[in-house]
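Protein chains: 2
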Amino acid sequence: MAEFTTVGRPIPKLDAVDKVTGRHRYPLDAVLPGMLWGKVLRSPYPHARIRRIDTSGAEAMPGVMAVLTWRDLPRKRVGNVIKDQEVLASDVVRYVGDAVAAVAAVDEGVAEAACRAIEVEYEELPAVFEVDEALAPGAPVVHEDLAGYEIRGVTTSATIPFLRPQGGTNICHHFKLRHGDVARGFRESDHVVEDEFSFQMIHHAPLEPHSSLAQVLPSGEVTVWSSVQNVHRIRQWLAEYFDMAQSAVRVIALKLGGGFGGKITLTLEPIVVGLARKAGQPVKIVMTRSETFIATGGRRPGRMTIKTGVSHDGRLLARQVTILWNGGAVSESGPISASLTALIASGPYRIPNVHVDSYLLYTNRVGPRAFRGLGAPQVFWGTESHMDVVARKLGVDPLEFRLRNALEEGDRAPWGERLHGVTLKECLQRAAAEIGWFDRTPGENVGRGLASIWKWTVPGTLSQALVKVHEDGTVAVMTGIADVGTGSATAMAQIAAEELGADVRQVSVVVGDTELTPYDYGSTSSRSTVHGGNAVKEAAQSARRQILERAAAELGLAAERLELRQGQVWRPDRPEEGIPVGRFLQGYVLGFGSFHGGGQGLFDPETGASPRAAHEWKYGATGAMVEVDRETGRVRVKRLASVHDIGFAINPLSVETQIEGAVVMGIGATFLEEVVFDGGQIVNPNFMDYLLPTATDVPDEIAPVVIESRKGDGPYGAKGIGEPPIVGVSPAVANAIDDVVGARIRDLPITPERLARALNPIPERRTA
Amino acid sequence: MAEFTTVGRPIPKLDAVDKVTGRHRYPLDAVLPGMLWGKVLRSPYPHARIRRIDTSGAEAMPGVMAVLTWRDLPRKRVGNVIKDQEVLASDVVRYVGDAVAAVAAVDEGVAEAACRAIEVEYEELPAVFEVDEALAPGAPVVHEDLAGYEIRGVTTSATIPFLRPQGGTNICHHFKLRHGDVARGFRESDHVVEDEFSFQMIHHAPLEPHSSLAQVLPSGEVTVWSSVQNVHRIRQWLAEYFDMAQSAVRVIALKLGGGFGGKITLTLEPIVVGLARKAGQPVKIVMTRSETFIATGGRRPGRMTIKTGVSHDGRLLARQVTILWNGGAVSESGPISASLTALIASGPYRIPNVHVDSYLLYTNRVGPRAFRGLGAPQVFWGTESHMDVVARKLGVDPLEFRLRNALEEGDRAPWGERLHGVTLKECLQRAAAEIGWFDRTPGENVGRGLASIWKWTVPGTLSQALVKVHEDGTVAVMTGIADVGTGSATAMAQIAAEELGADVRQVSVVVGDTELTPYDYGSTSSRSTVHGGNAVKEAAQSARRQILERAAAELGLAAERLELRQGQVWRPDRPEEGIPVGRFLQGYVLGFGSFHGGGQGLFDPETGASPRAAHEWKYGATGAMVEVDRETGRVRVKRLASVHDIGFAINPLSVETQIEGAVVMGIGATFLEEVVFDGGQIVNPNFMDYLLPTATDVPDEIAPVVIESRKGDGPYGAKGIGEPPIVGVSPAVANAIDDVVGARIRDLPITPERLARALNPIPERRTA
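So the sequences go chain by chain: V and E. Whatever position you read off the first sequence (first residue = 1), add 461 for my numbering. Whatever position you read off the second sequence (first residue = 1), add 461 for my numbering.
Mixed in with the good hints, there may be bad ones.
Put simply, identical chains are the same to the list, so a pair is met inside one copy or across any two.
[As the list claims (entries may be wrong)] Cross-link-like lysine to any residue pairs, in silico, SDA-like; alpha carbons within 25 Å at most:
1. 739 / 652
2. 480 / 706
3. 537 / 552
4. 480 / 670
5. 637 / 600
6. 480 / 681
7. 739 / 492
8. 739 / 903
9. 480 / 679
10. 480 / 709
11. 1099 / 1152
12. 480 / 493
13. 739 / 494
14. 768 / 594
15. 854 / 1019
16. 637 / 1068
17. 854 / 568
18. 854 / 1093
19. 854 / 598
20. 480 / 738
21. 480 / 705
22. 739 / 478
23. 537 / 483
24. 739 / 493
25. 544 / 587
Derived by calculation from the structure, the hints in this document are not laboratory data. Source: prediction; values computed, not measured.
Just chain V, with the same shape it has in the complex (with noise of 0.2 Å):
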């Protein structure tokens, strides 16, 4: 018999049928009767003083029911940590796209031209775009309070200590890592490699852009229904802001149409409830593809320097890193980022000297936010295209170097933290086989890459549940994730049948809406399916125990010989006849569960020394074969190899979606998006100058590789997979472009362009 009836099992998403027939209702779907249509007005330069706004004009405007300033707004910032950033701006704009007023009225074309008809006065201020820039001395400053700011956590109220804006500077965030001594590390190396890689930024393109309509009730009562990742967190700030209880306000997101790390964040969910107050009828903005651009950004570009120094016989004696992020105007996780990120800068292996520093910067460009990796998959573009760089120049396989290297399990990492679970040589050994590492023929046309991965799951976090099962066997699973589209609703309703020995099919599944679903910190860092994949597990487990119980109370049995399967209730000295759960139940049994992952991300600011930085960390690795037209620098991607231990695929199928899905996000980041900035000015914001990969720029072969370790902290030993398949792509298909052409890229993307220049260097033409 198997071990398990429903987890394990590839069950196509229960909501699959309903999103391709068009049946299913987004967030921007949400109407109200009597809503508004709201829109923004944002600034057209990169850095200026506010002079002047008039708003008579819009005002006047036949149609138009409520024009919104900071004037009507609490004087207040928000922001994910540090609170940078102003709802509608006061007194500076900072980007291109900054938010300066709004304007509700009754449909979107009357308020578009309002906002058109408001005049803003602005005086121009000297701008900074790039990180040099920034890091200049004499450069102007983005926020020239920045000492003054506040600081608020992540995961829960409290300060974060080792945060330390640098005021009157650019510097946002400095994190140190401090492992060893790095200079004498350098010292006793038989080799020392330096190397300095770029990563652009790229944009997150969830299909349903960004959303939110506010219904202000006449209590004052408020609710939002924004396409948003984390409601729970949305609640909170909102509340914040308005200095409303949290009781008072309601955020609904329910499934939305992708996210990636781009809905986490305060956006227009202030403006909404801002012009609903003042228009007193509910209002509603959908963002523009163009203002998801130029409001949202994407994701977190900058630069980094490695050095490595390295023994004769390929042991890592020491790594110095420096990265350099663009933060943009607008920090949002960028400090979170920063700082995780340095810590697995110098690559999941063992190395005894160790320097990281990572430099969040403040530029007078929209502010990036979380996307997928947070981080990690710029980091390891760097860290794992130099591992093959090293490799090469000491003539080892770069497979070997890595084995060589790899950290083990019950290791150290470098800032203190005992790993467990480091299955990262098996995955390594797996990701090679899978490309025909150990089968090349010579003299063939086809380059093999490998990349580890290593990914950290945010520390401290909350999830909560509660199962229903209902008097006619049916299940609902309330759960505060909101499924962007990865099928964890899928997940938590075969984890509840699991444990309820109920169908799949009879069991709903209630996500994102914070009056209805317990508290979740949102589905962000690959945490969706662990966090709240225990806690809907515990929640089922608790209803069973209560059916059981009432059931035993009743039958003169003891409950641990009692069964419940579809619907019913077993007894042993009955085996043909099940009782129906009904005749046990009043309306329904309420289990609940809790789960709150380990870690505080809390870090010595000197030396980043943190016993348990994060959750749980994952491990993986990814292998790339391609082919390369050395004339047109154009890169085949014959296979890729996605291979991860997942602890326990809770649905085998949508574990290889998701793995497919990053891996796709990886070449597309690896060869085509680049969001292009002249100066302050994004100058491709829509998806016609964006290039988003489609059918034919998809490896020939993705396979996804799953390990089951159970080794997990999830659900019967799982682990997330949300981001790590993103982590390696880039790297691996680098270092295969290099295997095969003997040309190392180090700036991201690899269009065919640069990939030719580097084949095909053009000698200098003197102009006439």
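Since chain V is already given, all that's left is putting chain E on it; use the hints.
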């Protein structure tokens, strides 16, 4: 220091200001985009066979989106206990107002016109209206297939074995209570007194009429906003009717505008769901005032005979009661009411020989519904009037007569249940004192009357609750109780505040939404504060414990040494400095509580014996002082004392207003209100012709008196108060009238005409 900080205090209802300023939104106010208006076509005949329904004319009308008949609905009947009502009649209509078809249209006017355009061909059938007609041999039978009707329990889904509808007759239910040997009891009595009483139908008259709005999502999931007192049972019935999973049906009532028992039955819900399905748009129906009369009826009318044997020294020796309930064509809660009122029909007295027959009879009138007291006020009208008749016959003081026979602590009821918390004597003495029973002045023109009060709470029902304490210290209580206007939500807030050391204004209460709030049997049977309150108390205690345990772990102190007050945790060593709970929480803590009231409601079919027929029994007494205008028959109630052992008053102000409201309702039932039938037709279905008590009709003084025995099964020893105050009003007033003018009225209402006729009999005049 006071024992309690929040409970026991007279706190105004938390929603009072919203309600008096019109900001409160009732279920009636729900609107949805694209919403259609529905109307129901009802039978004009009391009993007729439907020959033909032609909807083609209606369907062709512009603006008509759906026309619904029985063909569009499941071939099932609905009903609280006995499934004896078709949602839309397929074959036979059984009362004037029976629903035949329904229309959804773009507005109410079109829907109404379309209803008129539906052609229905009826064949009239002979009908029965009064209980004697229903019992007469050869009477037309209201439900020909009665024997085959499905029966479902109200508190569990088990069938009710003691219910035996008698197929081929109009006897829906016959409940027998047999205790001792009543024939011998009468033989051994010194006096035997026989009496007969009747009671009219009165209307519930909630200010918010019945309304229902249904939305059917493309996925098939159904949401219904409905003005109902018991969202979870409505959901259960709706899901059963449409053969849907309970988890796919959501019922939302929140806080409604009055119920009084008239909103606990599936009414408009299946019609709006059927229309919304067919039309593909949300559909709302709001009953007109006339419709609430003809479609939902009112309090169950009937007639009863009482025969009492008593010893010369005033000891009750035997009592035989026969009650004939006019159950109309729909039994609704009738079987339960007919059964439980049989238990109390002999009064709260020690009587060795009791014989009660309670018949629920079908007639061709609108089916009455549960109504505050579920039949107890009607039966006590007879029983407690009769007590004075007997006392007068014996020449014994009516108070003394009652005290001599009153039940005492530990007595067994006639059905065998051991009774606890019996404080009847204390209540009677207090009521007597309140109306100057012991201070009579000879010759004064004031009458005084007393009545005992005895009321059960429905056995075996469940309440569950969730309490959230947010990181900002605010509290949210989630309870399935629907606040019908009684203030139960405020009581829940007080209980949560008490247990959490919070300010009651920091507590919000979410009520009556199957998706949001845990299971609750509903706001009926005076159970809300007892059952719901116990669940909330346990949930709050759980939340408190969780907070203190987390704080203890973090502070390194024992949890029991910490205190929770005002959203802060207080440690013993720093009594001046509270630590905000936010320091220990993420999002919120969630506490769960559950309370299952005891009792089974199962009876021996031959004797009515039951070990525990109710969850708990409530005792009280009414005292009335009246003046009577002998010429006009007008009665002025100078003082009405309503004395109740409520155990503990969670909110003394709400308790007073509950008592006052019930007393005024009792005054209406005593003097003014009557749904007048002409055969099967109601002749006064509106608030012009149906007389509700106004400010000039209420007693000069209402004296609510609360005895706090702390013996209740609810939180802090509380008992329920919703129903008891109405139980004794009519007999106490009638006894007072008889006391002062020597006229015994045996038929309700005591109109001036009726009383004047009793006082001044008009000699029969011969017509020429």
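Hint check results:
1. 739 / 652: neither (67 Å within a copy, 78 Å between copies)
2. 480 / 706: Classified as between: cross-chain Cα gap 21 Å, same-chain 35 Å, threshold 25 Å.
3. 537 / 552: within (13 Å within a copy, 68 Å between copies)
4. 480 / 670: within (16 Å within a copy, 39 Å between copies)
5. 637 / 600: within (23 Å within a copy, 95 Å between copies)
6. 480 / 681: Classified as between: cross-chain Cα gap 14 Å, same-chain 35 Å, threshold 25 Å.
7. 739 / 492: both (19 Å within a copy, 22 Å between copies)
8. 739 / 903: Neither: 73 Å inside a copy, 70 Å across copies.
9. 480 / 679: between (35 Å within a copy, 11 Å between copies)
10. 480 / 709: Close across copies (18 Å), not inside one copy (32 Å); limit 25 Å.
11. 1099 / 1152: within (21 Å within a copy, 86 Å between copies)
12. 480 / 493: both (22 Å within a copy, 23 Å between copies)
13. 739 / 494: Classified as both: same-chain Cα gap 17 Å, cross-chain 22 Å, threshold 25 Å.
14. 768 / 594: Intra 23 Å, inter 103 Å, cutoff 25 Å: intra-copy only.
15. 854 / 1019: neither (70 Å within a copy, 60 Å between copies)
16. 637 / 1068: within (6 Å within a copy, 84 Å between copies)
17. 854 / 568: Neither: 63 Å inside a copy, 81 Å across copies.
18. 854 / 1093: Intra 27 Å, inter 117 Å, cutoff 25 Å: neither.
19. 854 / 598: neither (37 Å within a copy, 110 Å between copies)
20. 480 / 738: between (33 Å within a copy, 20 Å between copies)
21. 480 / 705: Between copies only: 21 Å across chains, 36 Å inside a chain, cut-off 25 Å.
22. 739 / 478: Answer is between: at 22 Å across copies they meet the 25 Å cutoff, but 40 Å inside does not.
23. 537 / 483: The answer is neither: 40 Å in one copy and 33 Å across copies each exceed 25 Å.
24. 739 / 493: both (17 Å within a copy, 22 Å between copies)
25. 544 / 587: Within. Shortest intra-copy distance 23 Å satisfies the 25 Å Cα cut-off; inter-copy 79 Å does not.
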